[in-house]
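Using the sequences provided together with the hints, build the complete structure.
First to last, the protein sequences are chains C and V. Each residue of the first sequence is one higher than the last, beginning at 3 in the numbering used here. Each residue of the second sequence is one higher than the last, beginning at 1195 in the numbering used here.
Just to be clear, a hint being listed does not mean it is correct.
[What the hints assert, rightly or not] Computed cross-link-like contacts, SDA-like style, restricted to lysine to any residue with a CA-CA straight-line distance of at most 25 Å:
| id | chain 1 | residue 1 | chain 2 | residue 2 |
| --- | --- | --- | --- | --- |
| 1 | V | K1446 | V | A1389 |
| 2 | V | K1473 | V | S1518 |
| 3 | V | K1473 | C | G147 |
| 4 | V | K1446 | C | Q146 |
| 5 | C | K171 | V | K1353 |
| 6 | V | K1446 | V | Y1476 |
| 7 | C | K229 | C | E287 |
| 8 | V | K1515 | C | P161 |
| 9 | V | K1446 | C | G147 |
| 10 | C | K171 | V | E1472 |
| 11 | V | K1442 | V | E1472 |
| 12 | V | K1442 | V | Q1458 |
| 13 | V | K1515 | C | S165 |
| 14 | V | K1446 | C | E287 |
| 15 | V | K1473 | C | E42 |
| 16 | V | K1515 | C | R132 |
| 17 | V | K1515 | C | G147 |
| 18 | V | K1446 | C | K229 |
| 19 | V | K1515 | C | R141 |
| 20 | V | K1515 | C | L170 |
| 21 | V | K1353 | V | N1421 |
| 22 | V | K1473 | C | I133 |
| 23 | V | K1473 | C | R141 |
| 24 | V | K1442 | C | Q146 |
| 25 | V | K1446 | C | L134 |
| 26 | C | K229 | C | I244 |
| 27 | V | K1515 | C | I133 |
| 28 | V | K1446 | C | L148 |
| 29 | V | K1515 | C | L134 |
| 30 | V | K1442 | C | E145 |
[As the list claims (entries may be wrong)] With the Cβ distance kept under 8 Å, some of the chain C side facing chain V (calculated, not the full set):
| id | residue |
| --- | --- |
| 31 | S136 |
| 32 | K138 |
| 33 | R141 |
| 34 | A151 |
| 35 | A154 |
| 36 | G157 |
| 37 | P161 |
| 38 | H163 |
Derived by calculation from the structure, the hints in this document are not laboratory data. Just so you know, even glycine gets a beta-carbon here, dropped at the ideal spot from N, CA and C.
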Amino acid sequence: MPHDVIMPALGMTQDSGLIVAWHKKPGDAVAVGDVLFEVETDKATMEVEAAHDGFIEALLAGEGEDAPVGQVIAVISDSKPDNPTQSRLVKKPEASEPAAAPSEEVTSPGDDAPKPTPKPMPVDLRTDGRILASPKARRLALEQGLDLADLAADGVPQPYHASDIETLKARPAKATTLNTAAISQLTARVSQDGFTAFQSWLTETAAVPVETIWASFAAASLRAASKAETVNIRVDQPTLRISSFFADPDLGSLSHALPGDALQVSLILRDLTSSRITGGSSGAEDAPVLTICRDGDNFALTLTYALDLADIDTAIRLLDGFAARLDEPLRHLL
Amino acid sequence: MREITLSQAVNEALAEEMRRDPTTFIIGEDVAEAGTPFKVLSGLVEEFGTARVVDTPIAEPGFMGIAVGAAMTGARPIVDLMFGDFIFLIMDQLCNQAAKTHYMSGGRLSVPLVLRTNMGATRRSAAQHSQSLHALVAHIPGLKVAMPSSAYEAKGLMKTAIRENNPVVIFEDKLMYNDKAPVPEEEYLIPFGVANVLREGTDITLIGTSSMVQVCQKAAEILAAENISAEVIDPRTIVPLDEEGLLKSARKTSRVIVVDEGHQSYGVTAEIASRINEKAFYYLDAPVLRMGAMDVPIPFSPALEDITVPTPEGVAANARKLMSGEMIHAA
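Below, the structure written as structure tokens:
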């Protein structure tokens, strides 16, 4: 049965240890108490002894390498291994992530490879979260709406000076924060007849804009679907370049559903009924989006939402409820 | 234009003003027959006589006291203090009396006095004859301090100083007495508190006083060969200081080195650097550097003495550091 040898924790605050030297080679026999390797911590260099009898099946970290505490750095097998191996934690220095802390340079492999002398650690200028920059660089960044933290994130060495502002400006624009959460989509189709009749009846009674009706129907559907106490609806009419906000438009009569302020939007209604578009959806947005199109004699409804904003049951109840209200608008008044 | 030495320029300024104003007189050690150790005053006693070019015993506090009293009572004395280092001997007459009389008399008395003295190391004069002590008097309100950087400057500033109604101390650099510069024959004055931009540049400002202006100009030439454009400014008078002129340059170049031959600690470089930090902070792309004389007594050993004062190479090296964005005094 093979036994893992791990980097031991030799100090209270130690989180890694530098392997100064291996005292055994792959394939060597070891006995309990034999010195296996020397490790350098922040305080001292210590010898670590084998805890099992057997043979070195594998050395998994090289001399000069810094191994995290708990990392398996060798394997001791009970029987003499057929293919003893030796490897390193870091295969090649170039393979490390560009942003990663500089790793020790790896010298040519082999038992007699010279011990790499630990390079002096570069002063980490960002440990306290401050960015070192000249007053002028800060002023220029502020005036131009640039963030010096972007340079730090790119790994540009500090301190920053006015000349670094050019680098910062030339940097590709920060990707707009898209909601990249998984999205889901539901579609429905419903005849326009009921809604058209309802709308003409309503217009004879009181002049109610269509977005108010959309908002009211959507709010009622969402409230029924999610038991939400407050429902804020934004109605986008891209063809008219208008966005209207409604706070709880379903509470109270339609003619009194007054547009509210730009609040936290629960649902976006995208009214494409005055366009020739017959369907479609956007990517995820900050709120679920219900798109309304005309497709022949029908309304084509598409509900798009990010999975982190709504669950499927709510979404189904919302779209179904909205479609039912369009189909039989009088239900809404009941 | 004719070229004359700084020594001749000072001599001309004194002679012209003494001809113009009969209340002026020179007083000091070895001023008449000897014409001072630096021969600045040669020929003056012949023209103006021993009543207006007055040799004194070796008694600095005495003749300084006489001059202050004479100034209070209507004369315009020009005191010759043979070495700037001797200023310690006349501190009461200068700082407690001359500097404060106008203020303490409610403006009824004035002290229109010029104290001519010198400064500057690397003349193998040892620790008691090599100091640059202008910061001491610049610290005292009521004294104006001029620091000519060439023959032209020396003449123009001296004539302004003699016409000034308050005490003025002029520090001439001992090493520059034989330096020639173009000086017009016709009369001119150089106003106090107006800095002189000797060389325009865009990358770094080198502010120098007295002989350090030459050091800065040489440094600027070295830097120009490396494509670094240095602006060289001479404040001319450190009291009054042309703060706005210096700030304007600092804002333009965003990097500044201040070079002065006084000891670096608590000195003129510190004062100017501090004002720039305070008032041009948001335009600075690097810390403002001070370069003064080392904080040691000036050594008699030539090899040691020469390394105590700023050099063009040293200024250029510091300028390169600032240009490269190297961290200065990080930690």
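Against the structure, the hints come out as follows:
Straight-line distance between C-alpha atoms of K1446/V and A1389/V comes to about 16 Å, which keeps the hinted pair within the 25 Å bound. For the given pair, K1473/V sits about 24 Å from S1518/V by alpha-carbon distance, which is consistent with the 25 Å threshold. Between the alpha carbons of K1473/V and G147/C the distance comes to roughly 24 Å, so the proposed pair stays at or under 25 Å and holds. Of the pairs offered as hints, the one joining K1446/V and Q146/C holds, with about 19 Å between alpha carbons and a cut-off of 25 Å not exceeded.
Restraint check for K171/C and K1353/V: not satisfied, since their Cα atoms lie roughly 54 Å apart, outside the 25 Å limit. With a CA separation close to 12 Å, the supplied pair K1446/V and Y1476/V stays within the 25 Å bound. At roughly 22 Å between alpha-carbon atoms, K229/C and E287/C fall within 25 Å of each other, so this suggested pair holds. As the CA atoms of K1515/V and P161/C are separated by approximately 13 Å, the hinted pair is consistent with the 25 Å bound.
Only pairs whose Cα atoms come within 25 Å are accepted, and K1446/V paired with G147/C is accepted, the gap being roughly 22 Å. The suggested pairing of K171/C with E1472/V is violated, with an alpha-carbon distance near 28 Å, which exceeds 25 Å. Using a Cα cut-off of 25 Å, the hinted pair K1442/V and E1472/V holds, with the two alpha carbons roughly 13 Å apart. Distance hint between K1442/V and Q1458/V is fulfilled; the C-alpha atoms sit about 24 Å from each other, no more than 25 Å.
A threshold of 25 Å between alpha carbons decides the hint, and for K1515/V with S165/C the separation of about 15 Å falls inside it, so the pair holds. Between K1446/V and E287/C the CA atoms are separated by roughly 47 Å; this puts the pair beyond 25 Å, and the hint is violated. Using a Cα cut-off of 25 Å, the hinted pair K1473/V and E42/C is violated, with the two alpha carbons roughly 51 Å apart. A C-alpha spacing of about 23 Å is found between K1515/V and R132/C, which places the hinted pair at or below 25 Å, so the restraint holds.
For a cut-off of 25 Å, the pair hint linking K1515/V to G147/C is broken: about 29 Å separates their Cα positions. Our distance criterion of 25 Å between C-alpha atoms is broken by K1446/V and K229/C, whose separation comes to about 64 Å. Distance restraint check for K1515/V and R141/C: the Cα-Cα separation of roughly 22 Å lies within the 25 Å cut-off, and the hinted pair is therefore satisfied. Under the criterion of a C-alpha separation no larger than 25 Å, the hint pairing K1515/V with L170/C is consistent with the structure, at around 22 Å.
A C-alpha spacing of about 39 Å is found between K1353/V and N1421/V, which places the hinted pair above 25 Å, so the restraint is violated. Under the criterion of a C-alpha separation no larger than 25 Å, the hint pairing K1473/V with I133/C is consistent with the structure, at around 23 Å. Taking the CA atoms of K1473/V and R141/C, the gap is near 14 Å; set against the 25 Å cutoff, the hint holds. Between K1442/V and Q146/C the alpha-carbon distance is near 23 Å, which keeps this suggested pair within the 25 Å criterion.
With a C-alpha separation of about 22 Å, the suggested pairing of K1446/V with L134/C holds against the 25 Å cut-off. A C-alpha spacing of about 29 Å is found between K229/C and I244/C, which places the hinted pair above 25 Å, so the restraint is violated. Distance check on the hinted pair: K1515/V and I133/C sit about 20 Å apart at the alpha-carbon level, within 25 Å; holds. Taking the CA atoms of K1446/V and L148/C, the gap is near 22 Å; set against the 25 Å cutoff, the hint holds.
Restraint check for K1515/V and L134/C: satisfied, since their Cα atoms lie roughly 17 Å apart, inside the 25 Å limit. Note on K1442/V and E145/C: the hinted pairing holds, with a Cα-Cα distance of about 20 Å set against a maximum of 25 Å. Annotation: interface hint on S136/C holds; nearest CB of chain V at approximately 4 Å, less than 8 Å. Nearest Cβ of chain V to the Cβ of K138/C: about 4 Å, under the 8 Å cut. The hint holds.
Interface hint status for R141/C: upheld, as the beta-carbon distance to the closest one in chain V is roughly 5 Å, under 8 Å. Interface restraint check for A151/C: the shortest CB-CB distance to chain V comes to about 18 Å, outside 8 Å, so the restraint is violated. Given hint, A154/C at the interface with chain V, is violated; its Cβ is 15 Å from that chain's nearest Cβ, farther than 8 Å. Interface hint status for G157/C: violated, as the beta-carbon distance to the closest one in chain V is roughly 16 Å, over 8 Å.
Using the Cβ-Cβ criterion of 8 Å, the hint placing P161/C at the interface with chain V is satisfied: the shortest such distance is roughly 6 Å. The interface hint given for H163/C holds, since its Cβ lies 5 Å from the closest Cβ of chain V, which is under the 8 Å cut-off.
The structure shown violates the earlier hints numbered 5, 10, 14, 15, 17, 18, 21, 26, 34, 35, 36.
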